[in-house]
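Chemist: Count the sequence shown with mature numbering (1 follows the signal peptide of the UniProt record, and there is no 0) and you get residues -19 to -1, 1 to 134, in order.
Treat the hints as calculated values from the structure; they're not laboratory data.
Fair warning: this is a prediction, and the values are worked out from it, not measured in the lab.
All C-beta atoms in this analysis are idealised placements derived from N, C-alpha and C, irrespective of residue type, glycine included.
Any given hint could turn out to be false.
[Unchecked claim] What follows is a set of in silico ranges between Cβ atoms, one per label pair, in the way DEER data are often shown:
#1 H109 to R13: 16 to 24 Å
#2 Q64 to D11: 18 to 26 Å
#3 A94 to P44: 21 to 29 Å
#4 P44 to K95: 21 to 29 Å
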Amino acid sequence: MHHSTGAVLWILALPGLPGYPPSASLLTADHRSAFFFWGLHELVGANQMEPGDTQHSLYMFHPTLPGVLLELANVSANIVAFQAALLEPGRHAACILLTGPASPDAPGLVSMAKHKVQDLILSSRVVHLTEGGADSDQDIRDRLSRLRYRSEA
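Work out the full structure: start from the sequences and follow the hints.
Modeler: Written as structure tokens, this is what we have:
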């Protein structure tokens, strides 16, 4: 929605799975929030969907670029927990991801990974939600990689 008129700027359906990690947000130094959320992303070119053909994509939205999403990461493993966290006040943030078996009763490997948001942004895929943006994909990544994060307190 447009911040002053309330007009809908875009609509995009990103299917998810019940029980998936909730969205997260981080406050930025410009007093806005960066939003992180998961959606299902079907592999391009797959004629038939098999159980392992779907990847869970992590997306980022920042209100200074309302017509753009960044697809930060694709994960095919079962996501147990996800958190966006401030690492260094005024500078760096990270996404922390715990993956493991789909059932708590099932044996299997558990993995925890920490990814700096800035690194994820620099290697992200830009998803244009509206037509006519003047910035190149690289300009968008560069602009969002310069965001600084702050604590809410």
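Chemist: Work down the list of hints and note, for each, if the structure agrees.
Modeler: Here's how the hints hold up against the structure:
no.: 1; hint: H109 to R13: 16 to 24 Å; verdict: holds, 20 Å
no.: 2; hint: Q64 to D11: 18 to 26 Å; verdict: holds, 22 Å
no.: 3; hint: A94 to P44: 21 to 29 Å; verdict: holds, 27 Å
no.: 4; hint: P44 to K95: 21 to 29 Å; verdict: holds, 26 Å
Hint compliance for this structure: no hint is broken.
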